[in-house]
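Just so you know, the sequences run in chain order A, B and C. Mapping of the first sequence onto our numbering: position 115 corresponds to residue 115, and the numbering continues sequentially without gaps. Mapping of the second sequence onto our numbering: position 123 corresponds to residue 123, and the numbering continues sequentially without gaps. Mapping of the third sequence onto our numbering: position 69 corresponds to residue 69, and the numbering continues sequentially without gaps.
Any given hint could turn out to be false.
As the list claims (entries may be wrong) - As a list, the in silico DMTMM-like pairs of lysine to aspartate or glutamate whose alpha-carbon atoms are at most 20 Å apart:
#1 C:Lys338 with A:Glu107
#2 C:Lys234 with A:Glu67
#3 B:Lys139 with A:Glu86
#4 B:Lys146 with A:Glu67
#5 B:Lys141 with A:Asp41
Unchecked claim - Simulated DEER-style distance windows between Cβ atoms:
#6 C:Gly206 with A:Lys97: 46 to 52 Å
#7 A:Pro89 with C:Val462: 17 to 23 Å
#8 C:Lys344 with A:Glu152: 43 to 49 Å
#9 B:Lys141 with C:Gly299: 30 to 36 Å
#10 A:Leu159 with C:Gly153: 46 to 52 Å
#11 C:Asp152 with A:Lys134: 52 to 58 Å
#12 B:Lys111 with C:Gly206: 45 to 51 Å
#13 A:Glu43 with C:Lys171: 52 to 58 Å
#14 A:Ile10 with C:Glu464: 55 to 61 Å
#15 A:Glu107 with C:Tyr354: 43 to 49 Å
#16 C:Pro468 with A:Leu159: 20 to 26 Å
#17 A:Lys134 with C:Ile82: 50 to 56 Å
Just so you know, these hints were derived from the structure itself, not from any lab. C-beta: ideal position from N, C-alpha, C; glycine also.
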Amino acid sequence: MVKLKFVKLITVARKAGTVTRRYPFEGPLLTEEFRGEVRLDPEKCIGCGACTIICPPNALTLHDEGEVRVIRYFVGRCIFCGMCAEVCPTQAITITKEFELAAPTTEQLLRDLVHERVKCRICGKPFLPAKLLKAANSDVPGSENYIDICPECRIKIGLKSILEHKLG
Amino acid sequence: MWVFHLNSGSCNGCDIEVLDALTPYFDVERFGIKLVASPRHADVVLFTGPITRETLPKVVRALRAMPRPRMVLAIGSCAVGGGIWHDSYNVIGGYPALEKILKKEGIVIDKVVFVPGCPARPEAIIYGVLVMLGVVEPKSKREVYKVESK
Amino acid sequence: MIDKHGEEQIERSSEEALAYVESLIKEKLADIPIKVYRAAGENIIVEVPREYLRNVAKVVHDDLDAYVRTCAGCDEREVAGIYAVYHILGLDNYGANVVIKVPVPEDDVKVPTIADIAPGAGWCELEFRDLVGIDLSGRPTHRLVLPDDWPDGLYPLRRDVPYGIRPPPVKREEVSLIEIERPGIPVGPYHPALHEPEYFELYVEGETVVDVRYRGFHIHRGIEKLGESKLTYKQIPFIAERICGICGFVHSCCYVMAVEKAAGIDVPERADYIRTIVLEVERIHSHLLWLGVACHVLGYDAGFMHTWRIREKVMALAEYLTGSRKTYGINIIGGVRKDINKEKVPKVLEVLDYVEKGTKNLADVLFSVPEVVKRLTGTGKLYREEARKLSVVGPVARASGLYRDVRKDYPYLAYRDATFKVPLYTEGDNLSRTLVRVEEIFESISIIRQLLDRMPGGDIKVEEYEIPLGRVATASAEAPRGEDIHFLITGRGRPYRWKVRAPTYQNIPALRAMLRDQQLADAPITIASIDPCFSCTDRLVVVEVSGGRVQRVRRINLVRLVGGGRRW
């Protein structure tokens, strides 16, 4: 009767029982470590763009347009690696467990964070978000004098003061 | 609903999750979903992979062979946005880049649903199918936050 | 250490072994103007002018019994004004790599072939011809990797070609593959069936297969170019993981190991243990996946469902340990991102017990089903000599009597601290390949249990490190499908040259030997038995040849299998 050993499969099947999880009527098979969509916190974000540099597929992108700086998160290209959360200096990025992300258009998969850019006191051009300037210069003494001047004007002022100093 | 699995150069991660959806734990056959062997029999195409140059004509041909109404479920970060290699020399980009080419060829796709994930979980794929059938409203919405500059 | 014959052997990859190999080379090649020096890890570089390449290759491959691991072409014009070809051959018995470096002048970009001496190098030579533009003299060549409509003369891996270049398609004469292989067989007008997404062409006479032609590389995504021009060191582990969705973690480990070797970074032991444990988890999942697919191809669908049911628990375990079911993303240069702390251990052991019991029951049932055993025995034979000549790797090699396993030959990570045996069979047919894989599942379970027991404390990553320029390193690991090897030359901020050779690449040329004179009905399971990274479609084109003429071309639906091919 050894030839009929394959009938043992029936016992195996019966012992296994029904393992189907009737998603979506039942919960999904998630563990607590799962990395889903990331969430950017508008309160904490300073607009530095560290996340956009590390993001391997460029799902997080930085756009400086007009008077604003936009940090755009395209969920569609995200690989859910979580590196952005590790790199953010203010812990503004949290990893949620959201995976129900299907959408009929790619428009619906975009999340934007819009920062207003500070305008240069001298030339009027917008250059960096206020929060970023404050965070970067918070413990630099004397920074209030030039924190609202854009880099090009700063160079000009610096050169001017050096020349003035040299020529007496 | 009869589905055809079309791989346009993916790493196989999403493909094995698609196959996984057939297995006892997730079992999409209870929704009436069956895997077919030819695009001519299919209602929905499960599309994975960023399209590589080599597979582009074949993908176009397979989609053209589908009878109307044509529905596409773009699965995974490669199909939705080109993935981690969206600007490589041999990659066309994901489904959005393909759409332009299909329009030029005159192939009309009636409905498309994007399922992000890398790889997309079987539950996420099932959710995508439900969105396509109109059973649930998609949760994901375009969001724009203005940050207080204080 | 004692090897399988019970003889005392030099410890592999030790200083002693490498010094011995170096002296051997210097002795045997005493009359050839070569330069021999050591690079990072177990690599010995032999620089030789191209006129003497064939002599050196003959000595190393035949006399020293090395086997071909891979070869890479590199554009070093901006550093040294030359192109360079690196042939990497491995000596298993000593755990040493011999890297033959051949400088190629800018104005005469050609190099002699070694494919007749070492058939295992056949494909990678064509690859560097396609991608770097170094021509080969002494063998017939054809396009291998780039798509058919890619223009001539544009070589993506040259440094002056941008990674995002999208040249317009070039219309080519429809050259039937049959013409290339067997000149003189008239095919007549262009046959529509030949241009469909098929990956294997089997030439049959009656019901017996006489030849096989593989057409692949549809998944070439330009990963090496991205790694060398757009991405930085820190981002590459993520792209490496997506080279293959089934054995991705192996690629990510190989890459970080290569960088760590090149830069001399000392990774904490705990990180090594975690990497090894996750690697073995991946091996279990991959072999169970293969077992299910093989059952499906044989028509035993119940086996497919049950195998994947067991595998589901392994996927959930992987998510519990790393954060994602696949493409784990825990490797970084210098260590790992996630820890396996004490609370997680009971869950791991529970899953391992479940898998062990389940697989034992399943294997019991499977090998008692008469159809399964009959169809697997005696089909797809690969004899030891052919296997050795083609340098096959992984379970395919071990089923044909070649005792080859990277975990033993070039020990890496925590494998030195675990005792396990490597299954070896000599028949070389489909059944042996199946048995090798089933046994490996049990060995992996045992390895994980041992490592969890002995896990050392400490950090899991190194925060500060420096990566010097211009260092050459290779790293290899035993993927579920065989040996995976990465070759790296460090650059500023990102690698200067990164070459990946996945295991299936090395195994596919062996299919010709395996399928010859086999019955057509056995072809699907034979193709499946090398465990190609399946990604492509499921069609097979059968070309009936009789009396030198093509009689008929028909398509067969082969479910969910076929193909493999280059993943990058």
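* **Violations among the numbered hints** => 1, 2, 3, 6, 8, 9 and 16
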